[in-house]
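*Asks:* Single-letter residue listing:
Protein chains: 2
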Amino acid sequence: MSNPVLVEVLRGSHIESRHSGALALVDADGALVCALGDVVRPIFPRSAVKVLQALPLLESGAAERFNLSDAELAIACASHSGEPAHVATSAAMLAKLGLDAHALECGTQWPGREPVLRGMLARGEQATALHNNCSGKHAGFVCVACQMALAQGHEPAEFARGYIEPGHPVMREVTAALSGITGTDLTSAPQGTDGCSIPTFGIPLRALALAFARIGTGQGLTPLRALAARRLRQAVSRQPFMVGGTDRFDTLVMEALGERLFCKVGAEGVYCAAFPELGLGLALKIDDGQVRGAESAMAAVAEGLLQLDEAQAALLRGYSDMPLNNWRGVHVGQVRASEVLRAAIRRR
Amino acid sequence: MSNPVLVEVLRGSHIESRHSGALALVDADGALVCALGDVVRPIFPRSAVKVLQALPLLESGAAERFNLSDAELAIACASHSGEPAHVATSAAMLAKLGLDAHALECGTQWPGREPVLRGMLARGEQATALHNNCSGKHAGFVCVACQMALAQGHEPAEFARGYIEPGHPVMREVTAALSGITGTDLTSAPQGTDGCSIPTFGIPLRALALAFARIGTGQGLTPLRALAARRLRQAVSRQPFMVGGTDRFDTLVMEALGERLFCKVGAEGVYCAAFPELGLGLALKIDDGQVRGAESAMAAVAEGLLQLDEAQAALLRGYSDMPLNNWRGVHVGQVRASEVLRAAIRRR
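Respectively, the protein sequence lines represent chains A and B.
According to this note's numbering, the residues represented by the first sequence are 127 to 474, in order.
According to this note's numbering, the residues represented by the second sequence are 127 to 474, in order.
Chain A extracted, bound-state conformation (with noise of 0.2 Å):
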């Protein structure tokens, strides 16, 4: 059975484009609320669960003993573009653990962001992997690797390094953290690299969208957990500008809406997100992979659960209805979200 449509793309008054998918919001329990299409399948999350991935950082100690700031661990959660405060917290983090970019092995990437991509090019600069939109979260990850070689006597840089394998100590405590707050046994998951090399795990929709309303309600969490979790979305709603950038959703939805919603887009057309106020977790997947789809849908279910002001309601409706212009500026279209999407948040 296939996915329904969760976004249209009109050109004119036609329907030029579909995006179909599938979105689960649960709560805490683990009860369903609303569910579209098939929430039971596992899929690849992605970049979406950068937040669960971190909770090690936490719960080891790793960002109190090396004093992480606010920008520290929001850009921990973080696809950030690339942006001169993006690297220069990922550094800054690396600098506290006496490292540099050499300690990453997320790989190089140029920034996402154009106008600094421009830029650097203009001025001849190289692109390093403190510009990789996941450098934050490998500079957590070298956190945690340091903190263990310490805790062991061990060299710290030796220690961390081929923390991205598997059978790494810190990959392995990550994985822990990814399986225990989904309820998902992950050896038997479907397996696959991830872009930044670190392997990603196939879970249900259902599964994750559990584990976000556990990160913003602490509930069915150990105290330890529920505190780093909290830590964390505190952090990101305190500095939204880290976990994503300029012009970014998920920067712009935090800065107006603050500790009320923690949402995570992820590769290939995935959203994440917690409701904390709600008591609801969120995970949605477009089935293309595409990320208009994916924003369009997040800012629909936004709009569709939480209370807003005039501001907060133009933001998301700016995503769940955007106007798309040609090169010329002229108004050609629209992306919005389907009224299936729409009546099914409506209904819950």
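Don't read these hints as lab results, they were simulated from the structure.
Be aware that a few hints might be false.
Taking CB as the label site, the calculated pair distances span [said to hold, decoys possible]:
#: 1; chain 1: A; residue 1: V456; chain 2: B; residue 2: H457; range: 50 to 58 Å
#: 2; chain 1: A; residue 1: R474; chain 2: B; residue 2: Q252; range: 45 to 53 Å
#: 3; chain 1: A; residue 1: G455; chain 2: B; residue 2: D435; range: 45 to 53 Å
#: 4; chain 1: A; residue 1: S314; chain 2: B; residue 2: Q252; range: 52 to 60 Å
Residues from chain B shown here face chain A by an in silico Cβ test under 10 Å; the list is partial [as the list claims (entries may be wrong)]:
#: 5; residue: L136
#: 6; residue: I141
#: 7; residue: R244
#: 8; residue: G250
#: 9; residue: G288
#: 10; residue: I290
#: 11; residue: C322
#: 12; residue: Q416
Counterexamples of contact, computed for chain A against chain B with all Cβ distances above 10 Å [said to hold, decoys possible]:
#: 13; residue: E142
#: 14; residue: G187
#: 15; residue: L225
#: 16; residue: A227
#: 17; residue: A352
#: 18; residue: L441
#: 19; residue: R443
The structure displayed is predicted, hence computed values, not measured ones.
Where a beta carbon is used, it is the ideal one built from N, C-alpha and C, also for glycine.
Since chain A is already given, all that's left is putting chain B on it; use the hints.
*Replies:* Relative to the frame of chain A, chain B by itself:
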């Protein structure tokens, strides 16, 4: 009823994303040789029909009057990458009319090819309408306008102005060609504005495929139109670089196959193609609009239909079963045509 999955995206051995779509393969009498999904619902063909929109350039006598070269005819059918040779060719067409980039109404667009874009930025250069992927098509429209103006004793540049408007004589001629060769009444068709500001019309895949069977064979066309179609296909096969550019699918495939295949991508996941030796025309649309799906499906159809040597087969296979690497160059997955698509082409 939803369309079948034509292309799958794998991460590891698990399907991460899916591109559904529809496809029509039609002979020059209009018989459906193969159909997948809904081939009757109108879709916007976008740039995939540029060769149809270029027919008046030949039929009006403009190509002859302005002594257009193979390169110039090819770029009139192009969605090029804005490389120096493309810019020079579009500029040369306009120069033959005594005009320059100011005559183009397609809007400014930075080159699609990243190294070219980077070079321009590093040198502090600005994009112009000549860099727009449609600059050749628009230069062709301006040629038609000048031809019409000269025939009627009007001032060419003044007559050309507004050629992108549906009611302008040039656009009426272009729309009539599109209507005629697809056998579709466009007055009642869905209508939108294309990225380059000309009208685009909703046309069923089946009718688009018929048009391309006609382009490939000349069957069902007046002698003058058949000649125009043959001349455009010939020009593109001689100058395939002009139709796309470095590392572009259409360019690479037509460099390898010459006049055996005419294929053209369109925005939002469209492909149209002519297989002259088989007397067949193809039109396909990926529902979600992604080019990776459209290219993969197009390659699989060509693989299934044509006798290929090893190099040709390897080239197409590189799209129909394309390896995906991550930021560190690690192989992480595959974009591949679905067995549903391959089997349908085999069975035809």
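*Asks:* Each hint should be assessed against the structure and marked as holding or not.
*Replies:* Evaluated hints:
1. The hint said 50 to 58 Å for the Cβ distance between V456/A and H457/B, and at roughly 42 Å that hint is violated.
2. Between R474/A and Q252/B, the C-beta spacing of about 51 Å keeps the proposed range 45 to 53 Å intact.
3. A C-beta distance of roughly 47 Å is found between G455/A and D435/B, which places it inside the suggested range of 45 to 53 Å.
4. For the pair S314/A and Q252/B, the beta carbons lie near 56 Å from each other, so the given range of 52 to 60 Å is met.
5. Taken as an interface hint, L136/B checks out: its beta carbon lies about 8 Å from the nearest beta carbon of chain A, inside 10 Å.
6. Below 10 Å, beta-carbon pairs count as interface contacts, and I141/B has one with chain A at about 9 Å; its hint therefore holds.
7. About 5 Å separates the beta-carbon of R244/B from the nearest beta-carbon of chain A, less than 10 Å, and the hint is met.
8. Of the supplied interface hints, the one on G250/B holds, with its beta-carbon coming within about 7 Å of a beta-carbon of chain A, less than 10 Å.
9. The closest approach between the C-beta of G288/B and any C-beta of chain A is roughly 13 Å, which is over the 10 Å cut-off, so the hint fails.
10. Using the Cβ-Cβ criterion of 10 Å, the hint placing I290/B at the interface with chain A is satisfied: the shortest such distance is roughly 9 Å.
11. The beta carbon of C322/B comes within 6 Å of a beta carbon in chain A, closer than 10 Å, and the hint placing it at the interface holds.
12. A distance limit of 10 Å between C-beta atoms decides the matter here; for Q416/B the minimum to chain A is near 6 Å, and the interface restraint holds.
13. The claim that E142/A is not at the interface with chain B is violated, since a C-beta of that chain comes within 10 Å of its own (minimum 5 Å).
14. For G187/A, the shortest C-beta to C-beta distance to chain B comes to about 30 Å, beyond the 10 Å cut-off, and the non-interface label holds.
15. Chain B leaves L225/A outside its interface by the beta-carbon criterion, the shortest separation being 19 Å against a cut-off of 10 Å.
16. No Cβ of chain B comes within 10 Å of the Cβ of A227/A; the nearest lies about 14 Å off, and the non-interface call holds.
17. Every CB of chain B is more than 10 Å from the CB of A352/A (nearest about 31 Å), matching its label as outside the interface.
18. At roughly 25 Å from the closest C-beta of chain B, the C-beta of L441/A stays outside 10 Å, upholding its exclusion from the interface.
19. Chain B leaves R443/A outside its interface by the beta-carbon criterion, the shortest separation being 22 Å against a cut-off of 10 Å.
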